[in-house]
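With the hints as your guide, set chain B onto chain A.
Listed below, chain by chain, are the residues.
Number of protein chains: 2
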Amino acid sequence: MSEATKGVIFIGDGMGGRPVPALDGQTSLEAQATPALDAVAARGETGLMFPIAPGIPAGSDTAHMSILGFDPFEYYRGRGPFEARGVGIEVKPGDVAFRCNFSTVEGHKIIDRRAGRIKEGTDQLAAAISTNMSMIEDVQIIFKPSVEHRAALVLRGPNLSHEISEVDPHEAGVDYWRCEALEGAESPSAAIKTARIINEFVRRAHDIMDGHPVNVARRAAGELPANVALPRGAGTAVHLQAFEDRYGLNGAMIVEVDLVRGLGKYLDMDVIEVAGATGGQDTDETAIARAVVAALEDHDFVLANIKCPDLGGHDGDCKLKMEAIAKVDRAVAYLLDTLDMNKTTLAVTADHCTPCSLMDHSGDAVPIAFVGNGLRPDDVTTFGERAVSKGSLGHLRGMEVMNVLTNYMGVAHKFGA
Amino acid sequence: MSEATKGVIFIGDGMGGRPVPALDGQTSLEAQATPALDAVAARGETGLMFPIAPGIPAGSDTAHMSILGFDPFEYYRGRGPFEARGVGIEVKPGDVAFRCNFSTVEGHKIIDRRAGRIKEGTDQLAAAISTNMSMIEDVQIIFKPSVEHRAALVLRGPNLSHEISEVDPHEAGVDYWRCEALEGAESPSAAIKTARIINEFVRRAHDIMDGHPVNVARRAAGELPANVALPRGAGTAVHLQAFEDRYGLNGAMIVEVDLVRGLGKYLDMDVIEVAGATGGQDTDETAIARAVVAALEDHDFVLANIKCPDLGGHDGDCKLKMEAIAKVDRAVAYLLDTLDMNKTTLAVTADHCTPCSLMDHSGDAVPIAFVGNGLRPDDVTTFGERAVSKGSLGHLRGMEVMNVLTNYMGVAHKFGA
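Those sequence lines, one after another, are chains A and B. Sequence positions in the first sequence follow the working numbering and run 2 to 418. Sequence positions in the second sequence follow the working numbering and run 2 to 418.
Next up, chain A with everything else stripped away, as it sits in the complex (with noise of 0.2 angstroms):
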């Protein structure tokens, strides 16, 4: 009998992409030499895989709830929880999260959505806005700084909605918006209760630190003040089993992206900090790959993620995304060198496409090879887009993975009798 083995799942963020002409109609996967992907396409069984469904160009939140087992149109009510989480605020279902950045403001027009990049005193200035602003009506506000410019934002009352206008238009120069309740709200009165609220956190949040002592430093040292808080993506907290509930597997997650790395928190998995990953092109695979091997050693499951595939599809830059994937290459070359194969299940993936061509997220499928003890390997060598569409799996959808991977681990539970 074959004994039960730890799983990971190593994700090459946006790694999938569409035909690129400089590369004679391959993309950008295809054209890349990948061997140690290429061993993971031949010892293992493979497939193509949808991380949401045919056709919906997946966000990285999205399509990693996905791939962990919950499925996005059931749970998914915008970022703001997984960003909330992500900076330690514990969040509850009902409450309506938002992510926020201290910003520079005159009047209502943005000068500087970073507030000069500020580094230090936005604790003092959210304890200014805890202190001052414990209550808007019946809603208690919870605000939490983050490293830099960033912080995060959450509501907690009744009759909350995320179904709400931004109110950080995204750009210098402008007044920033009124947040609106939006046209189709499934409660009206619940989204332009919310609307409210984030209207007057904003105007208080510009009285209590516009004239602060860190802002009259800083306009001393010639520095732009963080007068005024903006937030953004809002979204409802709903409830997800933690995932050692859902699989009972002590799982750990080792991610680049703030977003995700929030979503971990969320379903109370262990988020891994690795010095040296950097989440750009500059990061250290191998560290990350040392940190998958280090995490196996206390855990069932680890979920890793490198960013850096994804940063060259945004930018349409196919030699920058293939030098992204050559470093996941070289990462799983690490863990195939390393792990125990015998006691140890890998599926490599990505976790949507971001074609060079797009320069965004596509609904495009996504390759998938599971190599680990006893599965049936295919006769798929490459791992390509279109070589592993010929792959035993088929088509598997992003909420499949886990059960797939559990199942080659050899830890899924009967069904029935």
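To be clear, the hints were calculated from the coordinates, so they are not data collected in a lab. There's no promise every hint is true.
Claimed, not checked - Part of the chain A face toward chain B, derived, beta carbon under 8 angstroms:
hint, residue
1, Leu49
2, Ala59
3, Tyr77
4, Arg80
5, Leu260
6, Ser363
7, Glu386
Said to hold, decoys possible - Derived pair list, reagent style DSBU-like, types lysine-lysine, alpha-carbon separation capped at 35 angstroms:
hint, chain 1, residue 1, chain 2, residue 2
8, B, Lys391, B, Lys344
9, B, Lys344, A, Lys320
10, B, Lys391, A, Lys328
11, B, Lys145, B, Lys110
12, B, Lys415, A, Lys93
13, B, Lys415, A, Lys266
14, B, Lys415, A, Lys320
15, B, Lys110, A, Lys145
16, B, Lys320, B, Lys391
17, A, Lys320, B, Lys391
18, A, Lys93, A, Lys110
19, A, Lys391, B, Lys344
20, A, Lys344, B, Lys391
21, B, Lys415, A, Lys391
Said to hold, decoys possible - Some but not every residue of chain A turned toward chain B, in silico, with C-beta under 8 angstroms:
hint, residue
22, Gly70
23, Gly95
24, Glu245
The beta carbon of each residue, even a glycine, is placed where N, CA and C say it ideally should be.
Frame of chain A, contents of chain B only:
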């Protein structure tokens, strides 16, 4: 960055099939030379598509609903509302709608289901019904003639149901049937009431029409009187989001089936009539293709359908079906020759199989191929049922077609952040 394109779904009605012994076990589609369809397959991504779900034989209405992204399991409550909308009656959610025939009866016995193929006078007969029978019980009676012997009936009022038996036996020489509530109807009281109203409608329609001057004149001229209206195909109208609201695309429909045309109107699509589109084997396929090209001038999306492959299938005549498939191919050739394929995404498919061996619809998958700007062509080069089963799209469902198409068109919205 790729630009958004326009989109076309071109449907050969019932074009899929099963092996024909006389064709050495090929299907009609496999046996017929289809250079244009093959070119779409060769230049594009291919797969098989279950119009509704594996093994479910689709009707024209449910297949087109599904392909347009409206789940028939959730939204289909009979064909009546599409028929009624097709002849210009506004239907509201909750209405129960029927297609009707002007027929000739003696007592309850049907002499001619089409009242001697009556062509004139049905306006006056319908006006007499409207004047003399605006209500039955608390239910409003809306009756409107269509072409020749055809008409539509809408019941509007509280507590109605489409779960009633048919009145029209679909043959002459027998009595028409008494309408009854179907066993197991969701609301027995609504079904009993609706059946009672339909029986009363038929009785009173006969009373109103039998001695009507139109029929006095017809009898005098030796023609059969149109002395009853027989409803059939009850359906409850449900709310379907308008196509443009659903997809943000300005959509047109160019089809040869009244029922599907009614669906198009129900979805507030522009339903375009084409001179020469007969719905028969003699249809002018190039006129249809020209109309598609013209419609793309001021629409983002066109769904087109050529009916005749279905006719050969129903007749069990594979020669006729192959000729019809050649017509579909010529229309697609015109599109490929005429449209700027850098600015168009084209899907070719069928709405269901109508195998000659079955002479009816089957629940087998149909081929589908997408060609457009930037997608990942697979290595399939012919548009046959078995050839495309090796395609990179695997097995789609009808409900997924619009998502896949809008993804290729570059107009799909990212779900998540």
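Violated hints, by number in ascending order, as checked against the structure:
The structure breaks hints 15, 22, 23 and 24; every other hint is satisfied.
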